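Student: Protein chains in written order, with this note's numbering: chain A, 9 to 397; chain B, 9 to 397.
No wet-lab data here; the hints were simulated from the structure. Certain hints may be false.
Intra- or inter-copy, both count: the list cannot distinguish identical chains.
[Stated by the list, open to error] Taking lysine-lysine pairs in the DSSO-like style, the calculated list, with each CA pair at most 30 Å apart, reads: (1) K296 / K184; (2) K179 / K119; (3) K337 / K58; (4) K187 / K296; (5) K178 / K296; (6) K296 / K391; (7) K361 / K119; (8) K327 / K71; (9) K385 / K119; (10) K136 / K74; (11) K359 / K286; (12) K178 / K286; (13) K184 / K391; (14) K337 / K187; (15) K385 / K74; (16) K296 / K179.
Computed from a predicted model, the values in this text were never measured in an experiment.
Number of protein chains: 2
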Amino acid sequence: MTEPLKVAIVGSGNWGSAIAKIVGHNVLKSDDFATEVKMYVYEEMVDGRKLTEIINTEHENIKYLKGHKLPENVVAVPDARDACREADILIFVLPHQFVRRICSNLQGHIKPTAVAISLIKGFDVHDKGLELISNVVRTMLSIDCAVLMGANIASEVAGENYCEATIGCKKPDFGKLLKKLFQTDYFRIVVVEDEITVELCGALKDIVGISADIIDCVYKKQVPEGEKPDEIYYKEKGTVDHVYRNVTATGAGFVDGLGYGDNTKAAVIRLGLMEMVKFCEEFYPGSKMSTFLESCGVADLVTTCYGGRNRRVAEAFVKTGKSIPELEKEMLNGQSLQGPPTAAEINIMLKAKNMEDRFPLFTAIHRICIRELEPQKFIDCLKNHPEHM
Amino acid sequence: MTEPLKVAIVGSGNWGSAIAKIVGHNVLKSDDFATEVKMYVYEEMVDGRKLTEIINTEHENIKYLKGHKLPENVVAVPDARDACREADILIFVLPHQFVRRICSNLQGHIKPTAVAISLIKGFDVHDKGLELISNVVRTMLSIDCAVLMGANIASEVAGENYCEATIGCKKPDFGKLLKKLFQTDYFRIVVVEDEITVELCGALKDIVGISADIIDCVYKKQVPEGEKPDEIYYKEKGTVDHVYRNVTATGAGFVDGLGYGDNTKAAVIRLGLMEMVKFCEEFYPGSKMSTFLESCGVADLVTTCYGGRNRRVAEAFVKTGKSIPELEKEMLNGQSLQGPPTAAEINIMLKAKNMEDRFPLFTAIHRICIRELEPQKFIDCLKNHPEHM
Chain A
9 MTEPLKVAIV
19 GSGNWGSAIA
29 KIVGHNVLKS
39 DDFATEVKMY
49 VYEEMVDGRK
59 LTEIINTEHE
69 NIKYLKGHKL
79 PENVVAVPDA
89 RDACREADIL
99 IFVLPHQFVR
109 RICSNLQGHI
119 KPTAVAISLI
129 KGFDVHDKGL
139 ELISNVVRTM
149 LSIDCAVLMG
159 ANIASEVAGE
169 NYCEATIGCK
179 KPDFGKLLKK
189 LFQTDYFRIV
199 VVEDEITVEL
209 CGALKDIVGI
219 SADIIDCVYK
229 KQVPEGEKPD
239 EIYYKEKGTV
249 DHVYRNVTAT
259 GAGFVDGLGY
269 GDNTKAAVIR
279 LGLMEMVKFC
289 EEFYPGSKMS
299 TFLESCGVAD
309 LVTTCYGGRN
319 RRVAEAFVKT
329 GKSIPELEKE
339 MLNGQSLQGP
349 PTAAEINIML
359 KAKNMEDRFP
369 LFTAIHRICI
379 RELEPQKFID
389 CLKNHPEHM
Chain B
9 MTEPLKVAIV
19 GSGNWGSAIA
29 KIVGHNVLKS
39 DDFATEVKMY
49 VYEEMVDGRK
59 LTEIINTEHE
69 NIKYLKGHKL
79 PENVVAVPDA
89 RDACREADIL
99 IFVLPHQFVR
109 RICSNLQGHI
119 KPTAVAISLI
129 KGFDVHDKGL
139 ELISNVVRTM
149 LSIDCAVLMG
159 ANIASEVAGE
169 NYCEATIGCK
179 KPDFGKLLKK
189 LFQTDYFRIV
199 VVEDEITVEL
209 CGALKDIVGI
219 SADIIDCVYK
229 KQVPEGEKPD
239 EIYYKEKGTV
249 DHVYRNVTAT
259 GAGFVDGLGY
269 GDNTKAAVIR
279 LGLMEMVKFC
289 EEFYPGSKMS
299 TFLESCGVAD
309 LVTTCYGGRN
319 RRVAEAFVKT
329 GKSIPELEKE
339 MLNGQSLQGP
349 PTAAEINIML
359 KAKNMEDRFP
369 LFTAIHRICI
379 RELEPQKFID
389 CLKNHPEHM
């Protein structure tokens with residue numbers, strides 16, 4: 009009989025807290041794990057009280073995941089070293105810009121036999137270019153690091169909405185253990201060995217997300233809310249065309265009431281996916297095609313592109329002419345969007361290899377973000393996409 | 009120098025007419041094709057005039073594709089044999105229930121050297137089960153038949169919105185010719201050899217479309233139109249949570265203003281896609297994974313699932329307790345939905361091989377359509393999906 013494995017969670021934002029709820033429950037169900045889960049919480053004062061104290065007495069992260077109780081065996085710890093010192097499994101789930109700092113703090117203060125899993129989407133951007141977050145963990149802490157990515161919004165997972173995630177883990181035994189740690193009857197896990205592709209999907213999808221926002225803001229002819237069609241045509245195969253006489257500006261007479269331009273959006277998202285595939289092949293050879301069909305791939309991409317989470321910012325970007333950083337300050341309270349800096353870094357890599365032509369969507373998005381290209385010219389850049397040549 | 013190839017279009021609905029516009033223009037640009045394109049038009053009277061006469065004088069199919077001019081070299085012909093007798097390439101683009109009748113009419117009246125391409129989505133359902141439409145053409149006319157499928161709504165293609173389609177064609181030379189016939193700068197074509205998978209994608213996607221409609225109608229907690237959030241939370245990574253105090257019924261306090269339940273929908277669509285993949289492997293071995301990433305696969309699936317084209321019917325189905333055929337009569341003017349009969353036929357095939365358990369989504373959708381299962385129980389059927397075991 010081996011010792012039960014101790015689990016620590018590094019991070020306690022909304023995603024970290026949602027995961028703490030799952031992991032806290034799951035460790036109680038299996039002899040493989042120790043019952044206490046330590047969670048590193050960046051200490052801050054909330055309504056005059058320490059956040060760690062609130063979590064440890066009320067069992068709720070009232071700042072980042074209000075309304076969801078955490079299991080009582082999840083213990084908030086304000087010092088990262090204390091949280092991780094004895095852990096066998098480290099779950100990294102904090103904003104990507106803090107990963108280096110925390111790893112540096114943990115160096116020499118974790119078990120050399122520990123293993124990690126990163127739930128962090130995005131790249132680590134530094135002077136020498138892009139690096140996978142899992143690789144920062146691997147290199148700085150000299151331990152193995154798996155990844156978990158998927159179409160997962162923290163509040164939905166915390167609300168126990170049925171959803172899926174993908175674990176990328178090279179070692180099958182560790183993968184099985186991780187599945188036991190994360191899967192519930194509403195949070196469904198598929199484990200694949202192709203861990204790099206899983207992580208790349210999570211890091212690259214936001215670039216394609218901007219494409220979708222641009223299509224929605226620039227190309228879709230929206231029907232004003234509450235507008236009723238003057239006539240409805242029933243077409244082949246049960247689909248419906250609506251005619252809005254007072255809305256159509258084009259004179260063509262037809263506007264599909266359910267989103268004129270849906271096919272364009274689908275084409276753009278697919279081309280984005282193909283550039284993700286090609287980027288992986290080119291810079292991280294060995295991807296399996298099937299990984300792109302997992303939750304980390306198409307599902308997360310599609311949620312990003314149809315969830316419309318940043319559409320308000322994209323719309324302001326198109327209409328006001330302000331820069332992305334200005335809008336982040338005004339509209340997102342200073343929080344930054346992932347897509348534009350990722351697109352910029354990817355562009356440096358593509359330029360260095362003289363490959364911009366082979367990635368016209370990634371390239372166009374970067375040029376739009378830095379205002380070198382008008383959003384209205386986006387589709388023109390895709391007219392001769394290598395996929396169609 | 010070989011004779012230029014004569015092209016005939018069999019069908020003149022909205023999709024047939026949109027394709028006639030493209031093909032009519034393209035034959036003029038290449039020496040490979042004869043300049044006249046005959047289009048078989050089912051004769052009917054429109055405003056007291058014959059439809060063929062209207063098309064041949066006004067160059068517009070005012071009944072099925074109003075507002076879009078057809079090239080003058082597209083000639084409407086009311087007799088299918090006359091339209092096809094001399095053709096080297098036959099483009100089949102008519103509702104699937106008419107394919108057998110038209111092929112039977114054409115038997116012995118086409119060139120034995122002719123080749124065909126089917127643009128028809130759906131299966132041919134007959135006493136002995138399901139058959140691919142292309143196969144009906146192949147068998148009944150003893151000619152080759154390629155397929156063209158994709159995320160294509162006729163009115164969007166006719167409106168020259170940028171979009172993509174996939175041609176499935178076993179013979180590379182014929183594939184190249186077909187690309188020349190169909191590709192324009194806004195209608196972008198990828199040719200793959202895996203023609204069966206291309207066609208299966210088009211035939212199966214409607215089952216998954218029903219899943220998406222059910223999620224939208226049953227599971228998504230919609231925020232009433234025009235409702236403004238009371239508070240906005242800025243979360244990690246630039247995403248936004250909205251709090252609607254007077255809307256949330258659950259007490260959890262959080263409703264994402266941009267669609268609570270998006271992740272569930274993404275998971276369900278992905279599981280649908282995985283069942284499509286598995287169905288192809290099981291019943292039509294030899295599929296390539298990459299074909300599912302083409303326009304015929306993910307792109308068409310996603311458009312079907314997010315376009316919401318049948319949501320009104322799905323909503324009425326859930327709320328009124330009426331049967332699908334009743335609703336088709338009331339709401340779709342008697343037009344029939346593709347998904348339910350396809351799901352029923354697929355179910356017969358799965359039952360025969362004792363495989364219902366391996367396709368829980370396909371099976372649940374069928375049971376919901378025949379009112380054997382409540383839509384509210386849909387997610388329960390996916391709790392132990394084989395993908396996650």
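Student: Indicate, hint by hint, whether the structure satisfies it.
Tutor: Checked hints:
In this assembly of identical chains, K296 and K184 lie within 30 Å of each other by CA distance both inside one copy and across copies; the values are 20 Å within and 28 Å between. In the homo-oligomer, the alpha carbons of K179 and K119 lie at most 30 Å apart inside one protomer (19 Å), although the nearest pairing across protomers, at 59 Å, exceeds that limit. In this homomeric assembly, K337 and K58 come within 30 Å of each other (Cα to Cα) only inside a single copy, at 27 Å, whereas the closest approach across copies is 63 Å. Proximity of K187 to K296 under the C-alpha cut-off of 30 Å is found in both arrangements, the shortest distances being 20 Å within a copy and 28 Å between copies.
In the homo-oligomer, the alpha carbons of K178 and K296 lie at most 30 Å apart both inside one protomer (13 Å) and across protomers (24 Å), since each shortest distance falls under that limit. For a Cα distance limit of 30 Å, the shortest separation of K296 from K391 qualifies both inside one copy, at 28 Å, and across copies, at 26 Å. When the C-alpha separation of K361 and K119 is checked against a cutoff of 30 Å, the pair qualifies neither within a copy, at 40 Å, nor between copies, at 52 Å. In this assembly of identical chains, K327 and K71 lie within 30 Å of each other by CA distance neither inside one copy nor across copies; the values are 33 Å within and 38 Å between.
Taking the shortest alpha-carbon separations for K385 and K119, neither the intra-copy value of 53 Å nor the inter-copy value of 46 Å comes in at or below 30 Å. In this assembly of identical chains, K136 and K74 lie within 30 Å of each other by CA distance neither inside one copy nor across copies; the values are 39 Å within and 57 Å between. Only within a single protomer do K359 and K286 lie at most 30 Å apart by alpha-carbon distance; the minimum there is 15 Å, versus 40 Å between protomers. Taking the shortest Cα distances, K178 and K286 sit within 30 Å of each other both inside one copy (22 Å) and across copies (24 Å).
When the C-alpha separation of K184 and K391 is checked against a cutoff of 30 Å, the pair qualifies only between copies, where the shortest distance is 19 Å, while the shortest distance within a copy is 45 Å. In this homomeric assembly, K337 and K187 never come within 30 Å of each other (Cα to Cα): the closest approach is 39 Å inside a single copy and 48 Å across copies. For the identical chains of this complex, K385 and K74 are inter-copy neighbours only, at 28 Å across copies versus 42 Å inside a copy, given an alpha-carbon limit of 30 Å. Taking the closest pair of Cα atoms, K296 and K179 come within 30 Å of each other both inside a single copy (16 Å) and across two copies (27 Å).
Violated hints for the displayed structure, listed by number in ascending order: 7, 8, 9, 10, 14.
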